[in-house]
Amino acid sequence: MASPVSMPNSNALDAHIPTTPRDIKDMELLSDVCLLAGEDRIIDKDIIYICPFNGAVKGKVLITNYRLYFKSSDPDVSVTLDVPLGAISRVEKMGGASSRGENSYGLDITCKDMRNLRFALKQEGHSRRDIFEILFRYAFPLSHGMQLFAYLTQEKHEENGWSVYKPIEEFRRQGLPNNKWRITFINKGYDLCDTYPTVLAVPYKSKEEDLKRVAAFRSRARIPVLSWIHRENQAVIVRCSQPLVGMSGKRNKDDERYLDLIREANDTPKLTIYDARPNVNAVANKATGGGYEGDEYQNAELIFLDIQNIHVMRESLKKLKDIVYPNVEDSHWLSSLESTHWLEHIKLVLSGAIQVADKVTSGNSVVVHCSDGWDRTAQLTSLAMLMLDSHYRTLRGFQVLIEKEWISFGHKFASRIGHGDKNHADQDRSPIFVQFIDCVWQMTKQFPTAFEFNERLLLTILDHLYSCRFGTFLYNCESARDQHEVRLKTVSLWSLVNSKIDMYLNPFYTPESGRVLYPVASMRHLELWVTYYIRWNPRIRQQQQSPVEQRYKELLALRDEYLKKLEELQLSDSPSSHLANSSTPNTSSSTASTPPQQYTRLHTPF
Amino acid sequence: MQGISSEELLMFFKGERMLSQSSMNARSRDVYGLRCLPGECVLQRAVMVRKKLTAREGRGWLSGTLFCTHFRVAFVPQDGPKPDDNADPMLLADHDVALASIEKVVVVGPNRTKLVTPNSSLKFTPEELVLYCRDMRVICFLFDRLTPDAQVIEMTYTIAKTYQPLKPGSVLSFQNAALGSVEMKQFLSNRRRDTHMNWFESSSDWEQELERCGASGWRVSTVNDRFEMSTSLPRFLVVPQKVLDTELKKSFAHFNEGRIPRWCWRHPRGSDLLRMASFQNNIYHEKDDIRNLEMILFGCQSSLCVVVELGEELPSPADIQLAHSRLRALCLGDISTSVSVPDDKWLSTLESTHWIDYTRSCLRKASEVACLLRGGHLTVALQEVEDRDMSCMVSSLVQVMCDPYFRTQHGFQSLVQKEWVIAGHRFYSRINCHRDNDKEEAPVFLLFLDCVWQLWSQYPSRFQMTDDFLLALHDSIHLPLFSTFLANCQRERCKRSQNHGQCYTPVNGWIDMLHPDSSSDASDPPLPPVWDWALQYSKQRQDRFTQPVPPTPPLQPLLNGNLNTNPDAIRLTDTIPGSVFLLSRGTFSCPSNLLPWRSSSSGIYKKTHRRAPSSENVPGLDRLLKLWALTEFPQSLPSSCGPQGPLDPYEPLLPLLMGPCMGLWRECYLRGALHAQAFSHPISANHPHPVERLAQEVQQLKDKLSQMSTSTDPNLSTKKSEPRRIDTNLNQNTNNGTFLFPAPRTQGMGVPRAAPPPTSRGPPPATAPPSRPRHKDSGGSSKHTFLFGHSSVADSRSEQRYYPTPSNSKLPKGTSSLTS
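As they're listed, the protein sequences go chains A and B.
First residue of the first sequence: 1, per my numbering; consecutive thereafter.
First residue of the second sequence: 1, per my numbering; consecutive thereafter.
There could be a bad hint or two in this list.
[Said to hold, decoys possible] Chain B residues, not near chain A, derived (Cβ > 12 Å throughout):
1. M48
2. V76
3. C133
4. L146
5. D344
6. Q417
7. Q700
[Claimed, not checked] Have a look at the derived ranges for each label pair, beta carbon to beta carbon:
8. A:N233 <-> B:G60: 18 to 26 Å
9. A:S331 <-> B:E386: 52 to 60 Å
10. B:G60 <-> A:K445: 50 to 58 Å
11. A:T110 <-> B:S599: 57 to 65 Å
12. A:P326 <-> B:S599: 40 to 48 Å
13. A:S331 <-> B:D149: 52 to 60 Å
14. A:K445 <-> B:S599: 54 to 62 Å
15. A:E264 <-> B:R666: 43 to 51 Å
Honestly, the hints are just simulated from the structure, not real lab data.
Bear in mind that the values here come from a model prediction, so they are computed numbers and not experimental data.
By construction, the Cβ of each residue, glycine as well, lies at the ideal position given by its N, Cα and C atoms.
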């Protein structure tokens, strides 16, 4: 079956690697790689992979313009690596000409997806130089004036993922526009705010000039706009960036009036402003011209949610990687885990979102912002919406949520991930979106029947967050995407997903509209997402099989078998002879032989 | 006749609080909607109370009426089903708490909380009543504004005064409150034992187990029938056939407490698992003794014995006690003192309890032993100084890992009987429910349940029992009502039950032989075994103890313990016959003092036995253990094909012991932790899990199918007991917990290792109905013989008990004639 290093979720990467007989000849070793349309072989070479779990493994490496593929030639150790070049964050040479130790001369590759790869090469010839240069060029195409693979791929899918999210349709689904909220196209040419989408929902009573004046007082002109409205109580979630209060404590009447319009829209007695940052950070931001809403905002209360900034999150995940890769810190696992603070950050994000959702449920409109309103704000609004609105818990609804709150509202994917960029130490990089997906995973763990999609979807999303195979997560904002014609020239990740929907469905999904999900945001109940963060460790594999899902498949097979038997029984005219043979003793063999092919039918309602 | 006379109660509680008193002739009475036990008095009642439901119960609130009797705090939901007056009395309904399980009573008032003790006085009217229980439940009742203040205050006082923090003597009055009435005594003495499990109380029970395991070469010895050889060992011991009783008798002196090596279990590949206490060193070894000792120790394997020392790497009882008390403090976090651990220190504090470390070390040791046994044809003897704590732990964990039968509910119950109850784990002292021996207290058995839970959570589909069952067992430990847990060894249990008719006890006429001196008072109520679940759990809740559609145990017949397909075994047979090795800290050694009679100080051995024990390791042994270490890298082990590959049912379930793979049993330790539910909303309360719905559908189809088959095929009428099981499942599926199971391959499920001949007319499969099957009718008629034992006893019992699909030639002596 699968080799130890290519994980079961490598099918999330949609790579079809057929298994091969072990004694295959060296030449043929790489012939079975199934390349994507538009993917070109660049180089292949004999190489030694220094596997942290199996030791040095001889084999062959293939580099294409999309992936790094390694297959062991040793029949005893079957190791396959299939890494999209987009997942590579750093390539370094290790050892010099004078290196003496065995396998001390080669390449050291750091990946964005929680693993590192080391290869050893022969010192003779220029084998390392060639491969290093090729890797460096193709892993960081933007740094070399080349195109991202998303622009080169020729793959075709039945579905067009770019049509998943249409802002107007989504607003209409929410019941907008109505007599309190209107849709404005003021940002049509990205003139008002270059990091916002073109279509915005704003209070009905606000005039276009008001919006412009408010934009002048909000960081990067990211004015408060509606993200979500509660159907019954008309309470809204509004998102924006920090006000430009500055050291002198500037005021802006228009901004104050504008927030009051938001409050008035559903007669909320007090508008709640959630500032995602810790109080001290908000104060510190005054020095750079930012700040937070002060007492001058009447009928509003300000609550700080204590979520740390992108740098803290980056360091936290780095620490987590240190304790899980390659080896799991075993002796003091729990306190090591605690010292990364990763789960604590997850908890703060979740509990912030819970507060937002709870406020909205009780009929109060809320405004959410952090500094620029594209990192923590996106986490909070999207998670709160996931708790409040069961539509976002469906497979397509979740895509809409990501398209809307993350992609269209300008989460800086390009800067946070560093697609195709060689500058691995860029301080703008941060796993904010990974953290969001982790929060979603925590919710699916606590409410296993509430989500239409499964864990595989989350893993796929995170894999292609880095892979650069799809246009979905490229660039920082809509204006940049328009400029680079992403929708025209690249494929959407949702094209892949929606063409193979069965793979991503949760068989246990029980639709329940109108129910608010409040996860328990306590360290006592949060868990580390082992199957993502430690998935490269072959020991973890065993648990990846979801026993519940397997059980479900088996039951489906059993049901079909029983149905068939019943049919046979009802048809049979000579019951005594027939039954004596078929019913009991044969059950075992026929059950075993019934393939669980009925799995695909599992979303038939019953 | 009642344990607490009503006069006493009247004196203790003011007369007006005595709302009712049972009449003597009613079996149970309905008082204000509460079904009272015979003799049970309602002391206080509060209306318009809401109970907070845990996540498992569906979350949210349930309104109803709260009662306090002198046995329990009962909660009767408003819209609950009407009690059935003809039903058997049940000690606790779904929402009740026994007073003896309550550890602390806390009330929450406006802006304040208060710990209530029998002497406290309240200065405010509580809004909330929180009961902290010994079993780590936290039960929370909310009073309505419409609840009369007097009722709220009186209820609080009554519970505080009645719940009796356990102390010497208080347990007895609690037992009397529950079981002391004439009617209850009568009722209990007419209860029949669950015949689907092996109680290991009679010699035929042991023979049945030998047969089940295909262990030849062993016999059941009755030398300890009167507990004269060893007071803590059971009456029946399994020893090598070739050792005569007279020889056997001489060996007791060589072991601590006389706990000689005894057979526990045989691995299908032919290895035997033994357990024993440490050697008595200051004893002279006669030549004959040595021969006998070696024979006993080597059992049926002539070549190789591995002694596994259980002292060093495993937690001591004191360690376990400390870890558990830390875990309790951490998980319960008391709102009255607000000392709960801050959330950001939760993980490191949890780690510093060492509880998870201890489960890991037990599982690791058991994994090592399981891998040794897998090697085939050797004897593994577990040795512990007293052989009453960690031997129980390791031997039973090994069997859960290796034997699918012990992963069924009845199999597991049998295992607990075999390795804990009968083997003499000191439940009474370790649980210390009488609070008379704090030094000995240690929840070894709870640690064992946690280990089993770890296995279950890693391999849920390989268990027929569920975590609900483990939870029920966990909670029952804290209820001082069961004979199972209220004695330290079989001898003590026998002494006690001899005073009370013969309930639950098979009669072989041995009672008369016991010394008639009795320390226990004849008026003590008879105690039921914990396995009589109907006393505590409703049918619906019991149904959740097992998977809706259970897995199929392996069907290959056992080849007399010689299912030896393991290539590794071959290497081991090369060793010099009579080699003994010590396994300690993961390595094998051969210290000269391992067997005292072989050590240099005892000269006789060397003279008579020429061969010196090899001091080198047997390479094969190391390899066996290495295989285990490698299973953590599954691909390196050819025999494990991953979860999707064909499952060799005898491949042990080896747990992953890495930090991230070991979990906390949240459903047990964090039940009702109040903060956890602050934001909870019911999501699945009304919806059964899709797997359950499907399982239900499959069960219905199966039901239909078997009905059609039975109606049309006379040959299959013997399978009639099957539909019964199906009925029960239909009920259970409506709100089941979790469920996971590989699809059953056939309809029978509980027959562990032997394939039932399809047309067998023998007794129906043991596991078929947890509900009492129809053939119970015959059991009823034989009840009298059962109780007052005569010569016909064996006959009637053989009808009740299930023998694993007797292929007639292989029945143990004495029973073969009965079944035919």
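Going through the hints against the structure:
Annotated as non-interface, B:M48 keeps its C-beta farther than 12 Å from every C-beta of chain A; the closest such distance is 25 Å. In this structure B:V76 is separated from chain A by more than 12 Å, as the shortest Cβ-Cβ distance comes to about 29 Å. Every Cβ of chain A is farther than 12 Å from the Cβ of B:C133; the closest lies at roughly 18 Å, confirming the non-interface assignment. Non-interface call for B:L146 relative to chain A: holds, since the shortest CB-CB distance, roughly 25 Å, exceeds 12 Å.
At the 12 Å boundary, the C-beta of B:D344 falls inside the reach of chain A, the nearest C-beta of that chain being 6 Å off. For B:Q417, the shortest C-beta to C-beta distance to chain A comes to about 29 Å, beyond the 12 Å cut-off, and the non-interface label holds. With 12 Å as the threshold on Cβ separation, the claim that B:Q700 sits away from chain A is violated: the shortest Cβ distance comes to roughly 9 Å. Against the hinted window of 18 to 26 Å, the Cβ-Cβ separation of A:N233 and B:G60 comes to about 22 Å, which satisfies the hint.
The hinted window of 52 to 60 Å between A:S331 and B:E386 is violated, with their beta carbons roughly 30 Å apart. Under the hint 50 to 58 Å, the C-beta atoms of B:G60 and A:K445, about 21 Å apart, miss the expected range. The hinted range of 57 to 65 Å is satisfied by A:T110 and B:S599, whose Cβ atoms lie roughly 58 Å apart. For the pair A:P326 and B:S599, the supplied restraint of 40 to 48 Å holds, since their beta-carbon distance comes to about 46 Å.
A hinted range of 52 to 60 Å for the beta carbons of A:S331 and B:D149 is consistent with their spacing of about 56 Å. At about 56 Å, the beta-carbon gap between A:K445 and B:S599 stays in the expected band of 54 to 62 Å. Taking 43 to 51 Å as the suggested C-beta distance range, the pair A:E264 and B:R666 conforms, at roughly 45 Å.
This entry does not satisfy hints 5, 7, 9, 10, going by the numbered hints stated previously.
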